[in-house]
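Whenever a hint applies, use it, and build me the whole structure from the sequences.
Spelled out from the first residue to the last, the chains are:
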Amino acid sequence: DAGVIQSPRHEVTEMGQEVTLRCKPISGHNSLFWYRQTMMRGLELLIYFNNNVPIDDSGMPEDRFSAKMPNASFSTLKIQPSEPRDSAVYFCASRSATGNSYNEQFFGPGTRLTVL
Amino acid sequence: AQTVTQSQPEMSVQEAETVTLSCTYDTSESDYYLFWYKQPPSRQMILVIRQEAYKQQNATENRFSVNFQKAAKSFSLKISDSQLGDAAMYFCANKPGNTPLVFGKGTRLSVIA
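For the protein sequence lines, the chains are Y and B, in the order given.
The numbering of the first sequence is the numbering used here, which starts it at 54 and goes up by one.
The numbering of the second sequence is the numbering used here, which starts it at 118 and goes up by one.
Please note: incorrect hints may appear among the correct ones.
Said to hold, decoys possible - Taking beta-carbon pairs under 10 Å as the criterion, some of the chain Y residues facing chain B (in silico):
no., residue
1, 86
2, 95
3, 97
4, 98
5, 118
6, 120
7, 127
8, 142
9, 155
10, 158
11, 159
What the hints assert, rightly or not - Sample of chain Y residues lacking proximity to chain B, with all beta carbon distances greater than 12 Å (derived):
no., residue
12, 60
13, 66
14, 71
15, 73
16, 81
17, 84
18, 96
19, 100
20, 115
21, 117
22, 124
23, 137
24, 138
25, 157
26, 169
Think of the hints as simulated: they come from the structure by calculation, not from any bench.
In this text the structure is predicted, and so the values were computed from the model without any measurement.
Glycine residues also receive a C-beta, built at the ideal position from the N, C-alpha and C atoms.
Below, the structure is given as structure tokens:
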């Protein structure tokens with residue numbers, strides 16, 4: 054398995070532009086998570102989905118952020134309009150929520166976003 | 118609120134020596150899991166070790182072991198025979214009940230040759 058796939062790996066954009074980050078979870082995983090990592094705030098959970106349904110988006114910082122999961126194999130995190138303070142590494146993670154025991158959560162390689 | 122605290126922003130260890138990274142957590146759940154993740158400069162998050170709260174025995178994975186003190190809500194990571202490849206950020210995380218992982222701020226570990 055290729056693991057969790059994120060694209061792009063790096064994104065540099067100008068303030069005010071729309072940014073779309075993409076994630077392909079591991080096949081068969083039914084939970085998907087979006088995190089943001091910064092030096093100041095560490096790893097923050099933005100939103101997570103179970104079976105393609107958003108369960109908790111309380112971590113999404115502002116209305117400028119939105120996330121979708123149209124099917125089990127694809128999710129997007131969109132920032133519109135982007136601001137310099139959105140610069141961070143964005144991680145997608147997935148895991149299988151089936152069974153009684155906890156299953157490992159696998160992380161993608163992250164997208165480093167720089168907003169100028 | 119669920120919280121995870123790593124009180125050591127940075128640590129260093131001599132190669133081949135042992136180092137312990139601290140972590141405390143706060144949860145109202147009785148059923149939870151605890152984890153240590155490693156993040157090397159490549160940014161990849163790698164699961165190092167996990168502990169089920171209902172298990173009294175401390176988890177061990179090769180050179181990595183934990184000291185789980187449930188009453189004190191403490192979950193430290195011990196790295197024995199440290200190697201240069203152990204240099205990374207280490208994150209402690211708690212998964213209470215059916216909620217997602219809650220991460221600490223991390224400890225940056227340097228290994229000195």
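Taking the hints in turn, this is what the structure says about them:
1. The closest approach between the C-beta of residue 86 (chain Y) and any C-beta of chain B is roughly 6 Å, which is under the 10 Å cut-off, so the hint is satisfied.
2. For residue 95 (chain Y), the suggested interface contact is upheld, since its CB lies about 4 Å from the closest CB of chain B, less than 10 Å.
3. At about 8 Å, the closest approach between the beta carbon of residue 97 (chain Y) and any beta carbon in chain B falls short of 10 Å, and the interface hint on this residue holds.
4. Taking 10 Å as the C-beta cut-off, the interface hint given for residue 98 (chain Y) holds, the closest approach to chain B being about 5 Å.
5. Violation of the interface hint for residue 118 (chain Y) is found here, the shortest Cβ-Cβ separation to chain B being roughly 17 Å, above the 10 Å cut-off.
6. Because the beta carbon of residue 120 (chain Y) sits about 14 Å from the nearest beta carbon in chain B, more than 10 Å, this interface hint is broken.
7. For residue 127 (chain Y), the interface hint is violated, the least distance from its beta-carbon to any beta-carbon of chain B being 20 Å, above 10 Å.
8. Nearest Cβ of chain B to the Cβ of residue 142 (chain Y): about 6 Å, under the 10 Å cut. The hint holds.
9. The restraint placing residue 155 (chain Y) at the interface with chain B holds, with a minimum CB-CB distance near 5 Å, inside the 10 Å limit.
10. A distance limit of 10 Å between C-beta atoms decides the matter here; for residue 158 (chain Y) the minimum to chain B is near 6 Å, and the interface restraint holds.
11. Annotation: residue 159 (chain Y) was flagged as interfacial toward chain B, and the flag holds, the nearest CB pair being 8 Å apart, inside 10 Å.
12. For residue 60 (chain Y), the condition that its CB be more than 12 Å from all CB atoms of chain B holds, with the nearest at approximately 15 Å.
13. Listed as a non-interface residue, residue 66 (chain Y) keeps its Cβ farther than 12 Å from every Cβ of chain B; the least gap is roughly 19 Å.
14. A cut-off of 12 Å between C-beta atoms confirms that residue 71 (chain Y) is not in contact with chain B; the least separation is 24 Å.
15. Here residue 73 (chain Y) stays apart from chain B, with its beta-carbon at least about 20 Å from theirs, past the 12 Å limit.
16. Listed as outside the interface, residue 81 (chain Y) is consistent with that label: its C-beta sits roughly 18 Å from the nearest C-beta of chain B, beyond the 12 Å cut-off.
17. Not every CB of chain B lies more than 12 Å from the CB of residue 84 (chain Y), the least distance being 8 Å, so the non-interface label is violated.
18. For residue 96 (chain Y), the non-interface assignment is contradicted: its Cβ lies about 4 Å from the closest Cβ of chain B, within the 12 Å cut-off.
19. A cut-off of 12 Å between C-beta atoms contradicts the statement that residue 100 (chain Y) is not in contact with chain B; the least separation is 10 Å.
20. Against chain B, the non-interface label of residue 115 (chain Y) holds: every CB pair exceeds 12 Å, the least being about 20 Å.
21. With a least CB separation of 22 Å from chain B, residue 117 (chain Y) remains clear of the 12 Å interface cut-off, as annotated.
22. With a cut of 12 Å on Cβ distances, residue 124 (chain Y) stays outside the contact zone with chain B, its closest approach being about 21 Å.
23. Listed as a non-interface residue, residue 137 (chain Y) keeps its Cβ farther than 12 Å from every Cβ of chain B; the least gap is roughly 21 Å.
24. Chain B leaves residue 138 (chain Y) outside its interface by the beta-carbon criterion, the shortest separation being 18 Å against a cut-off of 12 Å.
25. Under the 12 Å C-beta cut-off, the non-interface status given to residue 157 (chain Y) relative to chain B is violated; the minimum distance is some 6 Å.
26. With a least CB separation of 21 Å from chain B, residue 169 (chain Y) remains clear of the 12 Å interface cut-off, as annotated.
Violated hints, listed in ascending order, are 5, 6, 7, 17, 18, 19 and 25; each of the other numbered hints is respected by the structure.
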